[in-house]
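Enquirer: Residues per chain, in single letters:
2 protein chains.
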Amino acid sequence: MDKSVRVLQEKNLKNTHARQVVLDLFLQNSTPIAADQIFSYLIEKKCDIDRATIYRILDTFVEKGILHRMEFQEGKFRYEISGSDHHHLICEKCSSISDISDCGISEWEKEIRSKKGFLVKRHSLEFFGQCSSCQS
Amino acid sequence: MDKSVRVLQEKNLKNTHARQVVLDLFLQNSTPIAADQIFSYLIEKKCDIDRATIYRILDTFVEKGILHRMEFQEGKFRYEISGSDHHHLICEKCSSISDISDCGISEWEKEIRSKKGFLVKRHSLEFFGQCSSCQS
DNA sequence: TTACTTGCAAAGGCTTTGCATCGCC
DNA sequence: GGCGATGCAAAGCCTTTGCAAGTAA
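As given, the protein sequences belong to chains A and B, one line each in that order. Counting from 2, one number per residue, gives the positions in the first sequence under our numbering. Counting from 2, one number per residue, gives the positions in the second sequence under our numbering.
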C-alpha cells in the first residue's frame, strides 16, 4: 500500500504513521466513515493513535481535498474519500449505506447561478428510507 | 396567534405555554432555526423555558410532523416548519439561508425504487457556496 | 535544524436523561 | 385525578484546544 504515501506527497503532507493508517482505511473502504468507526478500527488493529490526532488528520484531509465531510442526520460527521460525485441511500432500519451516481445536479447548479445569483461550490444530497432487504 | 393552538390540537398535543411559544416562533419564521437561536429568542422575550424542554418539544414536533429536522454541516441540527418541499442555498461567507423549490427529486425517488429497490422516505438536498452579495 | 505533528489532559458545544414537581384536559 | 409536560441537575457524546514533547524532511 504505497498509494497512501503517494497521496500524502502530492498534497505536501508529511508522511507519518498515523496519516498512513487513516488514509489506508479510507482508500480500502469507499463508504462514509465516522470518527468512532476509526477508533474501533484502531483498537482492533492495536494501533495506538490519539483521538485528537484523528480529528486533526480528518480536518487536514478535508482541507486538502483528500476527503469529503458529510452528515447523515446522526449528530456526527462522516468522511469519505473524494472522487466520484455520487449520493447516498441510507437505510433507517439497518443503517446500511449504498451509493447512487450523480444524475445531473450540476445542471441545477448552473440554473441556480443564473436565476438566483448564488454560486454553488458543493452540495449534499442524501436519501433516507428502507433498503430492499428491510422492506418486509 | 391561535394558529399554534389549532396545530397542537390537530396533533393531539397538550396546549402548554412552552409549546405555543416555540411553535409561534416557527410559524412566524419559515427558515431553518437551530436550538441556540431559540434560546436567544427566549432570553430576549424574557421567557424562562428550560433547554431540556426545548429539545423535548423539538423532538415531539418532529415526531408529529410539525417540524423537519436538518443539518447544514455545522455540527448541530436545525428545524423548519413542515410544508413546502424545498431546498436550501447556504452562503459559506455570511451564513444566509435562502430557499429554492423542489424541481423534481421525486422523479429520482421513483427511479431509485425501481432500479435499486430502495424505498425513499425523505431526502435532504443542500447547496453550499456564496450568495450574490458575497461574491465580490 | 526547524517547522510540523502527536499525545495528553482538559474543556467546549450540543443534546439527552432521571427524577421530582407541576399543570393541562 | 391522572397522565403527560416541565425544571433542574447531571451526564453523555462528539469534537476542539493548549501545551509540551516528538519527529519527518
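Wrong hints could be hidden among the right ones.
Note that identical chains are pooled: a pair holds if it fits in a single copy or bridges any two copies.
Stated by the list, open to error - Simulated pairs of lysine-lysine, BS3-like, Cα-Cα distance not exceeding 27 Å: (1) K94 <-> K111; (2) K47 <-> K15; (3) K122 <-> K77; (4) K111 <-> K4; (5) K65 <-> K111; (6) K12 <-> K122; (7) K65 <-> K77; (8) K117 <-> K12; (9) K65 <-> K117; (10) K117 <-> K47; (11) K116 <-> K12; (12) K46 <-> K4; (13) K116 <-> K94; (14) K47 <-> K122; (15) K94 <-> K4; (16) K46 <-> K122; (17) K15 <-> K111; (18) K94 <-> K122; (19) K15 <-> K117; (20) K94 <-> K77; (21) K46 <-> K116; (22) K47 <-> K111; (23) K47 <-> K4; (24) K46 <-> K111; (25) K116 <-> K65; (26) K116 <-> K47; (27) K77 <-> K111; (28) K47 <-> K77.
These are calculated hints, taken from the structure and not from any lab test. Quantities reported herein were computed from a predicted structural model and do not represent experimental measurements.
Enquirer: Evaluate each hint against the coordinates.
Expert: The hints, checked one at a time:
Taking the closest pair of Cα atoms, K94 and K111 come within 27 Å of each other only across two copies (20 Å); inside a single copy the shortest separation is 36 Å, beyond that limit. For a Cα distance limit of 27 Å, the shortest separation of K47 from K15 inside one copy, 23 Å, qualifies, whereas the shortest one across copies, 53 Å, does not. For a Cα distance limit of 27 Å, the shortest separation of K122 from K77 qualifies both inside one copy, at 22 Å, and across copies, at 21 Å. Taking the shortest alpha-carbon separations for K111 and K4, neither the intra-copy value of 35 Å nor the inter-copy value of 39 Å comes in at or below 27 Å.
Taking the shortest Cα distances, K65 and K111 sit within 27 Å of each other inside one copy (25 Å), while across copies they are farther apart (36 Å). When the C-alpha separation of K12 and K122 is checked against a cutoff of 27 Å, the pair qualifies only within one copy, where the shortest distance is 21 Å, while the shortest distance between copies is 40 Å. In this homomeric assembly, K65 and K77 come within 27 Å of each other (Cα to Cα) both inside a single copy, at 21 Å, and across copies, at 24 Å. In this assembly of identical chains, the alpha carbons of K117 and K12 never lie at most 27 Å apart, being 35 Å within a copy and 36 Å across copies at closest.
In this homomeric assembly, K65 and K117 never come within 27 Å of each other (Cα to Cα): the closest approach is 29 Å inside a single copy and 33 Å across copies. For a Cα distance limit of 27 Å, the shortest separation of K117 from K47 qualifies neither inside one copy, at 52 Å, nor across copies, at 38 Å. For the homomeric pair K116 and K12, neither the shortest alpha-carbon distance inside one copy (36 Å) nor that between copies (38 Å) is at most 27 Å. In this assembly of identical chains, K46 and K4 lie within 27 Å of each other by CA distance solely inside one copy; the values are 20 Å within and 57 Å between copies.
Only between protomers do K116 and K94 lie at most 27 Å apart by alpha-carbon distance; the minimum there is 20 Å, versus 39 Å within a single protomer. Taking the shortest Cα distances, K47 and K122 never come within 27 Å of each other, neither inside one copy (39 Å) nor across copies (40 Å). Taking the closest pair of Cα atoms, K94 and K4 never come within 27 Å of each other, the shortest separation being 35 Å inside a single copy and 35 Å across copies. Taking the shortest Cα distances, K46 and K122 never come within 27 Å of each other, neither inside one copy (37 Å) nor across copies (37 Å).
For the identical chains of this complex, K15 and K111 are neighbours neither inside a copy (38 Å) nor across copies (47 Å), given an alpha-carbon limit of 27 Å. Proximity of K94 and K122 under a CA criterion of 27 Å is satisfied inter-copy only: 12 Å between copies versus 32 Å inside one chain copy. Taking the shortest alpha-carbon separations for K15 and K117, neither the intra-copy value of 42 Å nor the inter-copy value of 42 Å comes in at or below 27 Å. Within a single copy, K94 and K77 get their C-alpha atoms as close as 18 Å, and across copies as close as 23 Å, so both meet the 27 Å cut-off.
Taking the closest pair of Cα atoms, K46 and K116 never come within 27 Å of each other, the shortest separation being 52 Å inside a single copy and 38 Å across copies. Taking the shortest Cα distances, K47 and K111 never come within 27 Å of each other, neither inside one copy (48 Å) nor across copies (45 Å). Taking CA atoms no more than 27 Å apart as the test, K47 paired with K4 passes inside one copy only; the shortest distance there is 22 Å, against 58 Å between copies. Neither within a single protomer nor between protomers do K46 and K111 lie at most 27 Å apart by alpha-carbon distance, with minima of 46 Å and 42 Å respectively.
Taking the shortest Cα distances, K116 and K65 never come within 27 Å of each other, neither inside one copy (31 Å) nor across copies (35 Å). Proximity of K116 and K47 under a CA criterion of 27 Å is satisfied in neither setting, with 54 Å inside one chain copy and 41 Å between copies. Taking CA atoms no more than 27 Å apart as the test, K77 paired with K111 passes in neither setting, with 30 Å inside one copy and 29 Å between copies. Taking the closest pair of Cα atoms, K47 and K77 come within 27 Å of each other only inside a single copy of the chain (24 Å); across copies the shortest separation is 32 Å, beyond that limit.
Hints 4, 8, 9, 10, 11, 14, 15, 16, 17, 19, 21, 22, 24, 25, 26, 27, counting from the list given before, are not met by this structure.
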